[in-house]
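K.L.:
Chains as they are written, first to last, in my numbering: chain C, 2 to 650; chain E, 2 to 96; chain D, -3 to 196.
Rather than coming from a laboratory, the hints here were simulated on the basis of the structure. All C-beta atoms in this analysis are idealised placements derived from N, C-alpha and C, irrespective of residue type, glycine included. Certain hints may be false.
Pair ranges (Cβ atoms, derived) [said to hold, decoys possible]: (1) C/SER6 <-> D/LEU148: 37 to 47 Å; (2) D/GLU10 <-> C/ALA477: 50 to 60 Å; (3) D/GLU10 <-> C/ARG519: 43 to 53 Å; (4) C/ASN176 <-> D/GLY134: 14 to 24 Å.
The list that follows gives simulated cross-link-like pairs (lysine-lysine, DSS-like), each with its CA atoms no further than 27 Å apart [what the hints assert, rightly or not]: (5) D/LYS85 <-> E/LYS9; (6) D/LYS85 <-> E/LYS3; (7) D/LYS(-2) <-> C/LYS639; (8) D/LYS156 <-> D/LYS85; (9) C/LYS211 <-> C/LYS577; (10) D/LYS(-2) <-> C/LYS577; (11) E/LYS9 <-> D/LYS166; (12) D/LYS86 <-> E/LYS9; (13) C/LYS522 <-> C/LYS40; (14) E/LYS3 <-> D/LYS166; (15) D/LYS166 <-> E/LYS66; (16) D/LYS(-2) <-> C/LYS572.
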Amino acid sequence: MGYFSRFAVPHPSPAIYASMIAIAVTVFLIIAGITYFKKWIYLWDGWITTVDHKKIGIMYLISALLMLFRGGVDALMMRAQLAVPDNKLLDSQHYNEVFSTHGVIMVLFMAMPYIMGLMNFVVPLQIGARDVAFPRLNAVSFWLFFMGAMLFNLSFVIGGSPDAGWSSYFPLAGNEFSPHVGTNYYMISIQIAGIGTLMTGINFLTTILKMRAPGMTLMRMPMFTWASLTTCIIIIFAFPVLTIALLMGTMDRLFATKFFTITDGGMDMLWANLFWVWGHPEVYILILPAFGLFSEIIPTFSRRNIYGYTSMVASMVLISFYSFLVWTHHFFTMGQTAYVNSIFSITTMIIAIPTGIKIFNWLFTMWRGRIRFTVPMLYCLAFIPLFTIGGVTGVMLAMSAADYQYHNTMFLVAHFHNVIIPGVVFAVLGASTYYWPKMFGFVLNEKIGKLAFWFLVIGFCLAFFPMYITGLDGQARRMYTYSEDTGFGPWNMVATIGAVCMAISFVLIVYMIYYSIRNAKKEAVSDPWDARNLEWATHTPVPEYNFAIIPQVNSREAFWDAKYKGHPLFKGDYEKIHMPNNSGVPFLMSLFFFALGFGLVFSMWYLAICGLIGVFICMAHRSFEQDHGRYISVEEIKETEAKYGGTHK
Amino acid sequence: MKELFPAKQVGGFVFSLILTGVALLVYYFNMSRAVGLTILTLTAFIQAAVQLVVFMHAREIEDSKSVFTTIYYAIIIALVTIFGTLLCMIWGWNY
Amino acid sequence: MKVDHSQPLEYSTEQNRLNILGFWIFLGAEIMLFGTLFTCYFTLVNRTSDGPIGAEIFEITPVLMETFLLLTSSFVIGLGIHAMRLGNKKAMQAFFILTLLLGIGFLAFEITEFITYYEEGATLQTSAFTSILFTTLGTHGAHVSLGLFWGLFIILQVRKRGITPVTANKSFIFSLYWHFLDVVWIFIFTFIYMKGLTQL
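Same shape as in the complex, but just chain C:
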């Protein structure tokens, strides 16, 4: 029993035992279900070994939705605990675990994969490519993210969740104050997922730079592709910082190095510094693709081209660069002198300028447009005012002197939810409704979608605006309860009601998907929204080679011009198409990574070494493998195209 006692959860509660049973039952049901319906081979051939960017994108989206559920339940638990003063629903330790996992999951395992999923699905189609530059690497990226997420979630039932906040500041995150393995899980699972993200960044930057359709110059790229390009640049230069920070944190915890200790010369503040050198660009990794998605949806539903294309591009490039110059504003109160804080105050406020330019450009795009109030467009319309409020409170926080009042209060919590939910969550929800027909061949139910939208928007306002007020009054974040005398009670109750509305909205979204699968007309609609860019120029569902003939681009809105100005998009005849082969190695490699990570979390060195050797064997296999891909013959293309009703010409 001694060996297994390390796996015990240090602070068990009935809820955790119930979850253990629930997880066991779910896993059993899934395995039994797949076996019963004889879907193992379909799953392996069709999905697990796939290198197709569209399928990988969809797998990212499914994982993201699952993680949204997990993170959402965490959020509901927090709101339930804070609903009334002196509540005893959760004790302080559980509350710590809940807010830590909520933050990590929502940022790294929900928002990131959601964005990655949309990038995967949309970018190659938008630039008229057949796949990404390195399809196999793309599969590795996905599976590393997935295993990282699974490892992180495992902490809930084996060994205990991380409890030092999503930023895991030292010395709190050190062995002395966080003795159980939770923080090991944090360090290692984010490391694994982070390596995957870095590879995605390299992959997509290469893809966008080199694989655009003929005629698509940089300044003719669609907005979302531009947003992805700038995002990839941020990923490539920000994630190595996280890699090193997590490596140092892991070594401090496992090998007693002295990086972030209080004794022996260690510097705990260095962790905060490194974390935010990565963490601030990370915020823009989330928001820039969201901006890109809004810039796709708004022109389509306003029937106008995007206003100020050049300034849109310039502002994104500027934001991607500025994002590296501002990180100190996350710890204004740590003790640097006023002149250091002033420098970073100014750089932070400067970022508001390019962001403001974008807001005005979206407004001018809609100006005199013929606006259609579809679900994706509603999300855009709600985004603009709400995000502006979030941005303005951000500028308030950027004033370092004033920040001493707001720092670590609910005001800050309200601020960053106010940018991330209307910014990122509205964008990905709007975009998944927008791209749903391209992915699955039918349009989602508008009525339920609109209902979900209203619940989300109203719920959001109710949940977070009160926090601005209690925050200014001094309610600290990450406190598991407060006394009645503070007067925070009523406002917190309102916030909890808002959170419940948001939960209802999530349920409605799931119901909308279920309802639409059952009832939507499954006719192939390749262009349901009368859209403007190349991703809509191919069939629905998209054939595995994307485009039978690579499109010729000679304007910024090639597809629109093809539809309404008669520019020919597809010239020439079918040729055989080269496609990459599927491979199970990425999945296998990620399993080895999982074993390596699990071994490190519990200091089980044999398991860790076996995992590491497995990873190296997979890499060696890749080096020696001779895989030249395969060809799709002209006959096959003709057959597929005929089935979908012929290539648009």
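Using the hints provided, position chains E and D relative to the given structure of chain C.
P.N.:
Here is chains E and D on its own, set in the frame of chain C:
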């Protein structure tokens, strides 16, 4: 045999050795902090540039613009990180 | 696979050009990785607590040997790529093997150096300074070790399959990696050893 040793690369190698020698001067002679650090920084960056251009053929690839943009951007961000961190953690610290 | 014969073999197919550009971008990320390590090194260099400072443990001779070995190996692999472009498989293999041998020599010196540090009481756990010193040098050393295996695999493939667009591409990318490790070493040599030894 001779064609296996192109003048450009041999020259680059000799130049690298000379630069290492120059950096060593800082070790063998006493000099002020400013002079010493200037010599070290210059020799390091010139040597890195020699590697990049002579050995890594960074200029001959058709995407050399993308390559140089990436490298310059990486260097700029790395320098921002180094000096920004020193500013926050060491120079701009009162206590 | 369309092969463009007007270009050197390593650039001759579309996938090859993608691979090379992708690897350059990866090197950009590596610059940032080592940049972060240097950030931490500069921040922690004076935080030696009760442990030794750099000037007390660094020795010039092994450092110079390591520098010379790695610099030479970087030159030799450049010759290897030149031989590859001439189509001289034998010379290319010889140069690649020599590169790896020099790499092994470098690692041998580095490991001996680490052992000396340990004997002098500078361990991974002694102080913030020694922690970051070993981590920075170790990350570079781990890159070199990984490169040894990678290089070996490539030599075996060239031996078996000859100089083809695929193997030429892999060899060229490996040479980029190896040169890059030399670049990193130049900065380690300059800003860790020279700066530490002279206490500037």
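K.L.:
List, from low to high, the hint numbers that the structure doesn't satisfy.
P.N.:
Checked against the structure, no hint fails, so every one of them is satisfied.
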